[in-house]
Amino acid sequence: MALRARMRWRLRQPSVVPGFGLALGVTLTWLTLIVLIPISGLLWRSSGLGWGNFMALAFDERTVNALTISFGTAFAAALVNLAFGVILAWVLVRYRFPGKRVIDAMVDLPFALPTAVAGIALTTLYAPNGWIGSLLEPLGIRIAFTPAGIVVALVFVGLPFVVRTVQPVMEEIDKEVEEAAATLGANRLQTITRVLLPGLLPAGLTGFALAFARGVGEYGSVIFIAGNLPYVSEIAPLLIVIRLEEFNYAAATAIATVMLFLSFLMLLVINTIQSWSRRRYSNGA
Amino acid sequence: MEVRVQNIRKEFGRYPALEDVSLDIRSGELIALLGPSGSGKTTLLRLIAGLESPTEGTIFFGNEDASQKSVQQRNIGFVFQHYALFRHMTVLDNISFGLKVRPANRRPPAAEIRRRALDLLELVQLSGLEKRYPAQLSGGQRQRVALARAMAVEPNVLLLDEPFGALDAQVRKELRKWLREIHDRTGHTTVFVTHDQEEALELADRVVVMSKGAIEQVGTPDDIYDHPVSPFVYGFIGQSNCLDVTLAGGEIWFEDRPIGLRAANEPDGPATLYFRPHDIELLDGCGGCLAGLVTASRRVAGTRHLEVSLGGTQPSVEIELPPERASSTDHSRVAFRPTRWKLYREASDVAAASVQAQTSAIELAPTGT
Amino acid sequence: MALDTGSASNTTLPNLVKAATSETRLARATLIAVALGFVGLFLLLPLATVFIEAFRKGADEFLSALGDPETFSAILLTLTVAGIAVPLNLAFGVAAAWAIAKFEFKGKAFLTTLIDLPFSVSPVISGLVFVLLFGANNALGPILQSYGVQILFAVPGLVLATVFVTFPFVARELIPLMQEQGTSDEEAALSLGATGWQTFWHVTLPNIKWGLLYGVLLCNARAMGEFGAVSVVSGHIRGETNTMPLQVEILYNEYNFVAAFAVAALLALLALVTLILKTALELRYSHEIAASRSH
Chain A
1 MALRARMRWR LRQPSVVPGF GLALGVTLTW LTLIVLIPIS GLLWRSSGLG WGNFMALAFD
61 ERTVNALTIS FGTAFAAALV NLAFGVILAW VLVRYRFPGK RVIDAMVDLP FALPTAVAGI
121 ALTTLYAPNG WIGSLLEPLG IRIAFTPAGI VVALVFVGLP FVVRTVQPVM EEIDKEVEEA
181 AATLGANRLQ TITRVLLPGL LPAGLTGFAL AFARGVGEYG SVIFIAGNLP YVSEIAPLLI
241 VIRLEEFNYA AATAIATVML FLSFLMLLVI NTIQSWSRRR YSNGA
Chain B
1 MEVRVQNIRK EFGRYPALED VSLDIRSGEL IALLGPSGSG KTTLLRLIAG LESPTEGTIF
61 FGNEDASQKS VQQRNIGFVF QHYALFRHMT VLDNISFGLK VRPANRRPPA AEIRRRALDL
121 LELVQLSGLE KRYPAQLSGG QRQRVALARA MAVEPNVLLL DEPFGALDAQ VRKELRKWLR
181 EIHDRTGHTT VFVTHDQEEA LELADRVVVM SKGAIEQVGT PDDIYDHPVS PFVYGFIGQS
241 NCLDVTLAGG EIWFEDRPIG LRAANEPDGP ATLYFRPHDI ELLDGCGGCL AGLVTASRRV
301 AGTRHLEVSL GGTQPSVEIE LPPERASSTD HSRVAFRPTR WKLYREASDV AAASVQAQTS
361 AIELAPTGT
Chain C
1 MALDTGSASN TTLPNLVKAA TSETRLARAT LIAVALGFVG LFLLLPLATV FIEAFRKGAD
61 EFLSALGDPE TFSAILLTLT VAGIAVPLNL AFGVAAAWAI AKFEFKGKAF LTTLIDLPFS
121 VSPVISGLVF VLLFGANNAL GPILQSYGVQ ILFAVPGLVL ATVFVTFPFV ARELIPLMQE
181 QGTSDEEAAL SLGATGWQTF WHVTLPNIKW GLLYGVLLCN ARAMGEFGAV SVVSGHIRGE
241 TNTMPLQVEI LYNEYNFVAA FAVAALLALL ALVTLILKTA LELRYSHEIA ASRSH
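Residue numbers (our numbering), protein chains in the order written: chain A, 1 to 285; chain B, 1 to 369; chain C, 1 to 295.
For reference, chain A alone in the conformation it holds in the complex (with noise of 0.2 Å):
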């Protein structure tokens, strides 16, 4: 009997601890009604396209131009981002400068911040007349209205990411490694290049990764920038969102459908490189 009941397929640990069903129950109706219900409203509207009318939509010429402008933009902006993103937590975690601490808060702006303010913003800056873009004029360089506008925009955007996941591994990096390095005969440049920077490879690809798929999806601060132009300088949401006020819902579900594929690609790598940094790097010496 005791045996029979140990056996028994169990849904959860046993604990005293009260409100599993009233909690669960809560969440997971909540999770169905506002994510579920929707994504698969979507999905079965796709599926409801058939095959070759799917493949028409997702794949017809301005579609395909939009979907590699979005993720283009999104790769260049998330490289930059990587790149600067790693100076700004190296700076951030050994140095002391006055202004320190509200730089440090200042990096978590474009989480704040609404994406359309950024986007006028950025706009009347590197607008031909703006600040910025007027400087750039006379060099033959235009910021705004092109896809480097949309790059500008989306490192706004994604600025957060590759700081917030480097600095917290950065900060942990143990003062050893770098004085056996040291001890090693390693110049410091050497000790930078061959030591500590492929230790922050994991979060700096992680960061990567989750400035790429929020650039990828991006909408309210890339519009006003963009110029919008199709084949030139319109990103696939834009795409979605005027398929939708010509009322095609067809040609909207599937760019959407071909984009969440992709988000959830994105979302099994970045799973995929922690599992791999944790299972190589972790517990480490």
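A few of these clues could be false.
[To be verified] What the simulated footprint calls covered on chain C by chain A, stretch by stretch (three residues with Cβ under 8 Å from a Cβ of chain A suffice, anywhere in the stretch; the number is not a length):
1) 54–63
2) 71–85
3) 143–155
4) 160–174
5) 225–238
6) 261–269
7) 275–287
[What the hints assert, rightly or not] Distance condition first, Cα-Cα at most 20 Å in a straight line; then the derived EDC-like pairs of lysine to aspartate or glutamate:
8) B/K69 / C/E23
9) B/K100 / B/E130
10) A/K100 / C/E23
11) C/K209 / C/E180
12) C/K209 / C/E104
13) B/K212 / B/E112
14) A/K175 / C/E282
15) C/K102 / C/E187
16) C/K102 / C/E180
17) B/K100 / A/E178
18) B/K212 / B/D222
19) A/K175 / B/E162
20) A/K100 / C/E282
21) B/K177 / B/E198
22) B/K177 / B/D205
23) B/K69 / B/E154
24) A/K100 / A/E171
25) B/K100 / B/E112
26) B/K212 / B/E346
27) B/K177 / B/D196
28) B/K69 / A/E178
[Claimed, not checked] Interface residues of chain C toward chain A, partial, derived using beta-carbon atoms under 8 Å:
29) L26
30) V34
31) F38
32) L44
33) L192
34) V258
These aren't lab readings, by the way, just hints derived from the structure by calculation. Built from N, CA and C at the ideal position, the CB exists for glycine as well.
Chain A is fixed; fit chains B and C onto it per the hints.
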């Protein structure tokens, strides 16, 4: 290589970590820096390595003034307490690192680096693990990799900071023996820091006992144990008892009676008597002895430890006896006399610093040091 | 002579040793300059622009822009939507964190992933899913409409989209915090005879209050500032379904820059207050806020 530390002083801010420390390390010897935490032993090791710079003083490697060189130029091998292995590199890459970062004109060819790293891996008995990452190794294995990595650069001197501190007792004992073997085979001048006296006495050719930023004594393990030069060393190394005594007319008095020990040439006044628990003889009658009540008796492996209260305000002393001898002391009162002992006097008490007796003869002839 | 060499070595030695584990002064200065330049160019300058543009024509113009009835109703609508969405997600977040952090059960990791899902969905898609669900050409929309319930292009749609995008904030903040705290406090309270609710109110809640506040703060900032998702479901009916960020867009597209930036300045102010409170919480209660700061 021979290492000479000359009149080194080191301050961290205002706090003095080392004060006027001088030490000659002979080429090829295995030397231990032993002391309680805060004694400055790790600071001294880091100064030799070049990880810290002295406030004053000089360090020579051979005849060369190493104080002018950076840590990278000193060519030392340093094994860190927590090993500080590069966790994103395999064992082999860790060991080869020091050779790979050399400037091109001094760097061996890649095949040679690999061969040397594999040889070292064999030396530390880890062949076959070259593709592992540090996270996949046990504590003892990481320690061996750290040592191999430090030896790969063919260092002038090998420096180890608490090399066994993070390991459990069993592994520690094994590695201790193994480190001695490696040293005997490779002959690197080796300095290691430890707070574990057993480790220092068992492993080192010579032991440097440190306290409060200064060197108390340098000597072979035998010297340190048998001839401690200061009350600190006597108290820090091994078990010891200390009693406040008085000298009067060449006799040592405890409380109100002489205890049968003589220090003939010493002037009168207060002093402190040190003796080890096993350096005593039991007496049947007491015509000049230490006597007291046995308050506790414990069997510890091959000996019996007795705690004896001598009365008055003095703390209890501990004595060790063979079990068969101890059974005759079942009655609660014992009388005994130290056979080897040492007397220390405050500089203000008398001019002579200490008196020592070494023979087990009843007529103890003090020999001044 | 001896004194001279002594002082010379004293000045050069610390430099030699410092070089072992730190960069040269020049490298430091360059790195700091690059970092500050990056932050200045991409964060501080845009923020400053918002306020400069808002006050370009003086404080009077700024105030009159905010006094516009449509803008005023946008402010009210934003407060209403956030006022409904944030408490809903607060309740959900606490329930989810309680279930996930205090119990071991099958499928826990999967549930946690599902809760994070809205973070990886484009805001536009977050709005789109509700348009598809309640749209005129779907089963649900017409049925609800026949009962006089309007979801899309009305407040319920805005609330739904906002709840979707801010769904994970509170739960994400609380789960690691409550996991770290374990269940021993609750078990102690229960063993002393407290009921489940008493345990929650008197033991659990005081332990997580700062973490909770932190999560609510971030949730609220996003709820008030959300643009893409609400833009899709709002229908842009002026004075009725325009939240503040949507009002910014409309004013900007009408070339009414001062008014657009005036509303933007209000939102930027909200962002600054959020950052200040967030930093203050991190400084004072860092041990009572979940360790993971990235979201």
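Inset, instruction - Could you grab the alpha-carbon distance between A/K100 and A/E171 and see if it respects the 20 Å cut-off? - result: This hinted pair holds, its Cα atoms lying about 15 Å apart.
Inset, instruction - Would you check the hint for C/K209 and C/E180, treating anything up to 20 Å between C-alpha atoms as holding? - result: holds (15 Å)
Legend entry - Agreement of B/K177 and B/D205 with the hint, judged by alpha carbon distance not exceeding 20 Å: holds (13 Å)
Inset, instruction - Count residues of the stretch 261–269 of chain C with a Cβ under 8 Å from any Cβ of chain A, then say if the count reaches three. - result: holds (count 4)
Legend entry - Agreement of B/K212 and B/D222 with the hint, judged by alpha carbon distance not exceeding 20 Å: Not satisfied, since the Cα-Cα distance of roughly 23 Å exceeds 20 Å.
Legend entry - Given pair status - C/E104, C/K209, alpha carbons within 20 Å: violated (23 Å)
Inset, instruction - Compare the distance between the alpha carbons of B/K100 and B/E112 with 20 Å, and conclude whether the hinted pair is satisfied. - result: holds (11 Å)
Legend entry - Cut-off 8 Å, beta-carbon criterion: hint that C/L26 touches chain A: With a minimum Cβ separation of about 12 Å from chain A (threshold 8 Å), the hint on C/L26 is violated.
Legend entry - Within 8 Å of chain A (C-beta), three or more residues of the stretch 160–174 of chain C: holds (count 4)
Legend entry - Whether chain A covers the stretch 275–287 of chain C (at least 3 residues having a Cβ closer than 8 Å to its Cβ atoms): Check passed, 4 qualifying residues.
Legend entry - Minimum beta-carbon distance criterion (8 Å), C/L192 to chain A: Check failed: Cβ of C/L192 comes no nearer than 12 Å to chain A, outside 8 Å.
Legend entry - Hint consistency between B/K69 and C/E23 [alpha-carbon to alpha-carbon, up to 20 Å]: holds (17 Å)
When the structure is compared with the earlier hints, violations turn up for hints 1, 2, 3, 12, 13, 14, 18, 29, 33 and 34 and for no others.
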